[in-house]
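There are 2 protein chains.
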Amino acid sequence: MKLTVKRNIFLQELQTVQRAISSKTTIPILTGVKIVLTDEGLTLTGSNADISIESFLSKEDEKAQMTIESTGSIVLQARFFGEIIRKLPEDMFTLEVLDNNQVAITSGKADFTVNGLDADNYPHLPVIDAKNQIQLPVHLLTKIINETGFAVSLHESRPILTGVHFILDNQKLLAVATDSHRLSQRIIPIEQAAENFNIVIPGKSLTELSRSFTNEEEMVEISIMENQVLFKTQNMYFYSRLLEGNYPDTNRLIPTSFNTEIDFYVPELLSAIDRASLLSHEGRNNIVRLAIASDSVILYGNSPEIGKVEEPLNYEKVTGDPLEISFNPDYMKDALRAFGDMSITVKFISAIRPFTLEPTETDLDFIQLITPVRTN
Amino acid sequence: MKLTVKRNIFLQELQTVQRAISSKTTIPILTGVKIVLTDEGLTLTGSNADISIESFLSKEDEKAQMTIESTGSIVLQARFFGEIIRKLPEDMFTLEVLDNNQVAITSGKADFTVNGLDADNYPHLPVIDAKNQIQLPVHLLTKIINETGFAVSLHESRPILTGVHFILDNQKLLAVATDSHRLSQRIIPIEQAAENFNIVIPGKSLTELSRSFTNEEEMVEISIMENQVLFKTQNMYFYSRLLEGNYPDTNRLIPTSFNTEIDFYVPELLSAIDRASLLSHEGRNNIVRLAIASDSVILYGNSPEIGKVEEPLNYEKVTGDPLEISFNPDYMKDALRAFGDMSITVKFISAIRPFTLEPTETDLDFIQLITPVRTN
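Residue numbers (UniProt numbering), protein chains in the order written: chain A, 1 to 376; chain B, 1 to 376.
Okay, chain A solo, but in the shape it has when bound (with noise of 0.2 Å):
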C-alpha cells in the first residue's frame, strides 16, 4: 500500500472517525485507525464499544489530490498517527506499508517510520441489508437530537434510559428522552414508505454522531437492524449499537388539561432563569420559585448564606389561577435553550404536578416536561 494525499484533508477524515476512537479500550487494536487503500480510494475506519465510524475519501475527490502506487491496508495507532500528521512540514504527505507493518510516513524532509498492525485482525463491522430505511436532512435529524438528546438519564441504573426512544409509526417519527425528571418530545411527519419500528439509540451516540456530520445541507440515510442502527451520508457509515429493553409508555406522563397558561419570549426568560440559578446553585436544594398572579410573574432565587435575587419578567400573556411553584432551574435552562430563539407557552396544573411547555405557535410539534420540587 503506497499513496501520497493532501494532509489537511486527510486529517479532516481521520478526525471523523477519531470520534469512534477511544485510548481506553482494553482492545488494543481499537486503539488504532483501520486504513484500507483500493483503487476506489482511501477508507479509514474507527470503532469502540457503542459505535463505529467509517469514512471514505474517493480518489475523484480533487480537493484531496490523491496518488495511488498500490493499494493494501493496515492498522494505526490513532491518536499518535494524528499528531504526526497534524506537524508535517509540507502540504502533501506519503503513507506507505513496509515489510512487517512497518509504515513510513514521509513529508519534505521528515521521514518517520512506525509500527503497525495488520489489518487483518481488526474486528469486522455489522453488516446491515438495505430494508427499514428513512431518510431526512442532515440539518433536521442534528435538530430533533439537540432537541431530545440532553433530556437522557446520564445514571446507568435505569440504563433504557440513557437512550432516546424512536418510534417511527402512521408516517410519523417521534422521537423521546426523559430521566424521569423531565421529559422531551419531538415529532415530525415522515412521508416515506418504510417499515414501522420501536428503537432505543444510546444518547451518547447520538451527541457522537451529531458532531460527526460535516455537511449540514445533505441526506442522511437511516438504516435499522436488530441490534444496530446505521446512519449513512456521501462519505461516512455512523453505526451505533441499540439499548435492549423496553422504553417506559412516555405518552401517558403528558398532561392535557391545565389551570394555568403562561407565554415568554424565550431569551428573555433564560436569562432570568440564568440569574435566578446562580443564587439556587449555592443553596442545598438548588431551586427557583416562580409566582404567577394576574398581573404580575415574579422569580425569585435564595441562598440562605448568600443572598437572594427578585426579578419581576416580561410575559406575553397569562390565564388562569394564580401560582405559586417551585422547580430546578438548570432542567428549565435545558428545556429553553432547546426551543432556541422563539415564544412558549407554559402550562401548569398545579404546584406539584409536572409542568408542560411547547411553542406558542402550534405548527412545531415539540413538547416538553418538568417535574416541579415540593417544597412543603
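No lab work stands behind these hints: they were computed from the structure. Honestly, I wouldn't trust all of these hints.
All copies of an identical chain are treated as equivalent in the list; a pair is satisfied when it fits inside any one copy or across any two copies.
Claimed, not checked - Subject to a maximum C-alpha distance of 20 Å in a straight line, what follows is the list of computed DMTMM-like cross-link-like pairs (lysine to aspartate or glutamate):
#: 1; residue 1: K109; residue 2: D274
#: 2; residue 1: K308; residue 2: E90
#: 3; residue 1: K59; residue 2: D39
#: 4; residue 1: K333; residue 2: D274
#: 5; residue 1: K109; residue 2: E316
#: 6; residue 1: K172; residue 2: D365
#: 7; residue 1: K347; residue 2: D365
#: 8; residue 1: K317; residue 2: D263
#: 9; residue 1: K6; residue 2: D61
#: 10; residue 1: K87; residue 2: D334
#: 11; residue 1: K87; residue 2: E282
Since the structure of chain A is already known, use the hints to place chain B on it.
The following block gives chain B in isolation, referenced to the frame of chain A:
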C-alpha cells in the same frame, strides 16, 4: 456607599484583581474583593499569600459613566459577585451597601441582595516608599518575563530556583532563571539613576503580572522594599512578595569557548524538534539526538515501541568539529519559543557539556543554556 457604573468596564477591573483571588484560601475574607468608593473613584483589591492587586477606576473616566451617590466600602465574595455582574440584564448596574453589610445589586428589573463582609477586616497591603525605583515600558517588561520565566524550577525542593533573579548593577538590568537543567538570561541597559538591587521574584507572580497588563504602550514603575516589590501602572498596583535566600551564581555556568557552532532559523528548527519530540515523548527517556557533520545536520527521534523519525535539518552555517549530542526536546522547544522569529547560533563544547543558544545578530543580550543528556 452607592454607585452606578457601566457593567463591562467594572467587570474588566474586577477580572484584573481576580487574578490575585483564590477560592482555595484558608482565610475567608481573601476569597472576597475589597471595594472602596471615594469621591475620586472606585478601588478594587484582591490578594493572596504571594500577590496583591489593586485596580483604580477614576470618576473622571468617561467610558465608566460612574455616578457616586455616597462613598464607603465593602468586601464581596469575588467569584460569585463576578458571575452576578456578568449576567445582569442591562448595560449599567447599581451597587448599594445596606445595613449589616448587605449589598443590593440592581440592573433593569433584576434585584439581588447579597451578604458582604466589613472592609475594615480586610488585611492591609504593604506600604512601599518611593525610593529604589526604575521605569520600563510594559511591553519590555512583558518580554523579559516571557524570555526568562519559563526556565524557573517548578519544584519546591530548592525554593529560590522557583523565582527569576533580577540584578540592577552598573546601569544594566539582568534577569536570569534556571531550574538546573537549563538557564535563560536577558540583560537590558537602564539609563535612569537608581540604587542597585538584587532580588528574586516568584515565577508565578511574574506570570500573573504579565497577564494583568492591559496597555502594552504605558510605563510600569518598579519599586523595591525589603521583602516586597510593587509594579505600578496608571490604574494598577501589583504587589508581589520576594523570595528569600541566596540565588546561585549563574554567571560561572555560562561557557565562553566552543568547538562547534551552527546557525539555525528558529521557526524551522522548532517545527523539526516538535516532530522529533512526538516520538521521544513516547519513549522512557524523552531525548532526541542531533548529529552534526560538516555537510549535514540530522535530527533523530526514537521510541522502541512506536517507531522512529529522521530529518535532515535546514541550517544557515556550520563550523567546527563534528558532534553527536542528545538532549530533552522540551527544553529546546521552550528555548526556541522564547527567541521567536529570528536566527540563532547554537554553540557546543562536547556531547556532555551544556550548550548555548544566542541570537545571531549580537545587538540583543540574551543567552540560553541547555544541559545535554548523556546516552552512554
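For each hint, the structure was consulted:
1. K109 / D274: Between copies, since 14 Å is at most 20 Å while 54 Å is not.
2. K308 / E90: between (59 Å within a copy, 19 Å between copies)
3. K59 / D39: This pair counts as within: shortest intra-copy Cα distance 8 Å, inter-copy 73 Å.
4. K333 / D274: Answer is within: at 7 Å inside a copy they meet the 20 Å cutoff, but 44 Å across does not.
5. K109 / E316: between (67 Å within a copy, 16 Å between copies)
6. K172 / D365: within (11 Å within a copy, 74 Å between copies)
7. K347 / D365: Classified as within; 16 Å inside a copy, 73 Å across copies.
8. K317 / D263: So K317 and D263 pass the 20 Å test inside one copy only (5 Å; across, 75 Å).
9. K6 / D61: Only inside one copy: K6 and D61 sit 11 Å apart there, 54 Å across copies, limit 20 Å.
10. K87 / D334: between (39 Å within a copy, 17 Å between copies)
11. K87 / E282: between (45 Å within a copy, 16 Å between copies)
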